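2 protein chains.
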Amino acid sequence: MASFGAKLQTNAAEIERALEVLLAPGPLSGPGAPPARLVAAMRHGTLNGGKRLRPFLLRETAALCGTARELSLAAGVAVELVHCYSLIHDDLPAMDDDDLRRGRPTVHKAFDEATAILAGDALLTLAFGHMGEHGAADPALRARLVVELAAGAGSGGMVGGQMRDIEGETTRLDETGIARMQAMKTGALIRAAIRMGAILGGAGTDALGHLTAYAEAAGRAFQLADDLLDVTASPDAVGKATGKDAALGKQTLVARLGIDAARRHLGDIVHDAITALTPFGPEADTLREAARYFATRES
Amino acid sequence: MASFGAKLQTNAAEIERALEVLLAPGPLSGPGAPPARLVAAMRHGTLNGGKRLRPFLLRETAALCGTARELSLAAGVAVELVHCYSLIHDDLPAMDDDDLRRGRPTVHKAFDEATAILAGDALLTLAFGHMGEHGAADPALRARLVVELAAGAGSGGMVGGQMRDIEGETTRLDETGIARMQAMKTGALIRAAIRMGAILGGAGTDALGHLTAYAEAAGRAFQLADDLLDVTASPDAVGKATGKDAALGKQTLVARLGIDAARRHLGDIVHDAITALTPFGPEADTLREAARYFATRES
Numbered sequence: 017m018a019s020f021g022a023k024l025q026t027n028a029a030e031i032e033r034a035l036e037v038l039l040a041p042g043p044l045s046g047p048g049a050p051p052a053r054l055v056a057a058m059r060h061g062t063l064n065g066g067k068r069l070r071p072f073l074l075r076e077t078a079a080l081c082g083t084a085r086e087l088s089l090a091a092g093v094a095v096e097l098v099h100c101y102s103l104i105h106d107d108l109p110a111m112d113d114d115d116l117r118r119g120r121p122t123v124h125k126a127f128d129e130a131t132a133i134l135a136g137d138a139l140l141t142l143a144f145g146h147m148g149e150h151g152a153a154d155p156a157l158r159a160r161l162v163v164e165l166a167a168g169a170g171s172g173g174m175v176g177g178q179m180r181d182i183e184g185e186t187t188r189l190d191e192t193g194i195a196r197m198q199a200m201k202t203g204a205l206i207r208a209a210i211r212m213g214a215i216l217g218g219a220g221t222d223a224l225g226h227l228t229a230y231a232e233a234a235g236r237a238f239q240l241a242d243d244l245l246d247v248t249a250s251p252d253a254v255g256k257a258t259g260k261d262a263a264l265g266k267q268t269l270v271a272r273l274g275i276d277a278a279r280r281h282l283g284d285i286v287h288d289a290i291t292a293l294t295p296f297g298p299e300a301d302t303l304r305e306a307a308r309y310f311a312t313r314e315s
Numbered sequence: 017m018a019s020f021g022a023k024l025q026t027n028a029a030e031i032e033r034a035l036e037v038l039l040a041p042g043p044l045s046g047p048g049a050p051p052a053r054l055v056a057a058m059r060h061g062t063l064n065g066g067k068r069l070r071p072f073l074l075r076e077t078a079a080l081c082g083t084a085r086e087l088s089l090a091a092g093v094a095v096e097l098v099h100c101y102s103l104i105h106d107d108l109p110a111m112d113d114d115d116l117r118r119g120r121p122t123v124h125k126a127f128d129e130a131t132a133i134l135a136g137d138a139l140l141t142l143a144f145g146h147m148g149e150h151g152a153a154d155p156a157l158r159a160r161l162v163v164e165l166a167a168g169a170g171s172g173g174m175v176g177g178q179m180r181d182i183e184g185e186t187t188r189l190d191e192t193g194i195a196r197m198q199a200m201k202t203g204a205l206i207r208a209a210i211r212m213g214a215i216l217g218g219a220g221t222d223a224l225g226h227l228t229a230y231a232e233a234a235g236r237a238f239q240l241a242d243d244l245l246d247v248t249a250s251p252d253a254v255g256k257a258t259g260k261d262a263a264l265g266k267q268t269l270v271a272r273l274g275i276d277a278a279r280r281h282l283g284d285i286v287h288d289a290i291t292a293l294t295p296f297g298p299e300a301d302t303l304r305e306a307a308r309y310f311a312t313r314e315s
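Residue numbers (the working numbering), protein chains in the order written: chain H, 17 to 315; chain R, 17 to 315.
Keep in mind that the hints were calculated from the coordinates and are not lab data. Remember, predicted model here, so these are calculated numbers, not experimental data. Careful: at least some of the hints might be erroneous.
It does not matter which identical chain is meant; a pair holds if it fits inside one copy or across any two.
To be verified - EDC-like, lysine to aspartate or glutamate: derived pairs with alpha carbons at most 20 Å apart: (1) Lys23 to Glu86; (2) Lys23 to Asp301; (3) Lys23 to Glu185; (4) Lys125 to Asp115; (5) Lys266 to Glu129; (6) Lys125 to Glu183.
Let's have the full structure, built from the sequences with the hints guiding it.
Structural data, given as structure tokens:
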């Protein structure tokens, strides 16, 4: 039985390879050929050795529900494309204005702002096209996955959370407001990834409910751990400027609760995530380890 | 039998109403509620009395293939959402830097740049979610429509064309290069709209081929007429600054051919579009009128 770390690495390598094929530089001319500069920017923002956690969660959940991992690869790629587009747009000067991402120049630094906006738009579009064409063998399931992905990524999910986060730079949020913003900004796509895995695996209503509860707790753990890393880790470890959230006046639960209380709260959330998986027995151990991993990762 | 103008107005009113329902301001709180400012920006960029030509083409094509207009409304809304998002992003300072759109402030002027980027992202996401959920009664057809919409909107279509247009500001394109850029930037979404109507209407391979030929000619006519308007119309008539393409050094066939030759070329393209519809007989008269309308519109 492969270790958790080995499973994570296998998934990351498979997603990276699939993204490489999908975003292979095409012929430089011909009608309808994606422009070389646009493809290069899409690749820069995507093929970066990421941990591919959202596809991992999607595929592990699908596997738990009985779907072989090779059948969930395309859906995993689609959710990762959405994640990568969101990072490109979040890094833009008008948004978080970040120069570095995983230790490399952000897309608008390596190219320019217009190219970064368009590369993000193209990746988001590609995510839905890929999901609609390859996300599942059954076309009805593909349509359902598209709807779930859009719900997680859109105005009531990730993009809405990013808007709330920006508004939070000038408006003080209470703990509920911070939790809601984070549940949308980070949580919604993680939740959608896990639910897409469950849908792909044919989960019934009860199983989908348990997995959604797991997903929501796992998403909270992921974000809280991220906020803790922002104040405790070195820039080298996380590959971007740390302490930046505080400098931007961004509101986090860590800033509100203090580091020690935030760490205790993180332990409680991980416990919630693990408990939500009880009905699945030991088969769900990889997802349990994923929740623990979120809370203890160092980058 | 309603006149062409009346049909255009009826469709525009139906699309406007459907968009109004879809983008209705929701409750201002609650987990997963889209932030009010984001919804306001999405509405500003969408509910603007547009002519809704792409939904019109989609729905007329579906009707020609035997699908009642009420069954193509949602797919029409989805393609219009993509068009509206593209205008918001194209107007951004890093892109075309436009202050006015249809006589009103552009979204980044009425709100701010970050909000405009996110509103565009949210509308694009909503387009795919809406298509995946409501685009057709048959879920397999919905998945196919999602794929067609993504192909028209993505790196090999509209976004790729926008990239080529920006590159053209600094690199001289030949006539073929301009035609290719425009076929992607403007043509690809018009082509996708007409093909989605055909797919929704269950068109066979031959009919889809004829309608695609019509779509490609109609798209060229639309763009050439737009370029002619940019150099000949008053700002009041088109609701935005005219002569702007020339000022930006944008390359158009009008700039290359001269106004008179461009007008003659436009006549030829409209003829091509009309001829492509021959197999459909008089049933296709509304689509023929649409091609003529593109070439003669004054705004």
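Cross-check of the supplied hints:
1. In this assembly of identical chains, Lys23 and Glu86 lie within 20 Å of each other by CA distance solely inside one copy; the values are 14 Å within and 49 Å between copies.
2. For the identical chains of this complex, Lys23 and Asp301 are intra-copy neighbours only, at 12 Å inside a copy versus 60 Å across copies, given an alpha-carbon limit of 20 Å.
3. With identical chains, the CA atoms of Lys23 and Glu185 are never at most 20 Å apart, being 38 Å at best within one copy and 47 Å at best between copies.
4. Proximity of Lys125 and Asp115 under a CA criterion of 20 Å is satisfied intra-copy only: 6 Å inside one chain copy versus 25 Å between copies.
5. In this assembly of identical chains, the alpha carbons of Lys266 and Glu129 lie at most 20 Å apart only when taken from different copies (19 Å versus 23 Å within one copy).
6. For the identical chains of this complex, Lys125 and Glu183 are inter-copy neighbours only, at 17 Å across copies versus 25 Å inside a copy, given an alpha-carbon limit of 20 Å.
Violated hint for the displayed structure: number 3, the only one.
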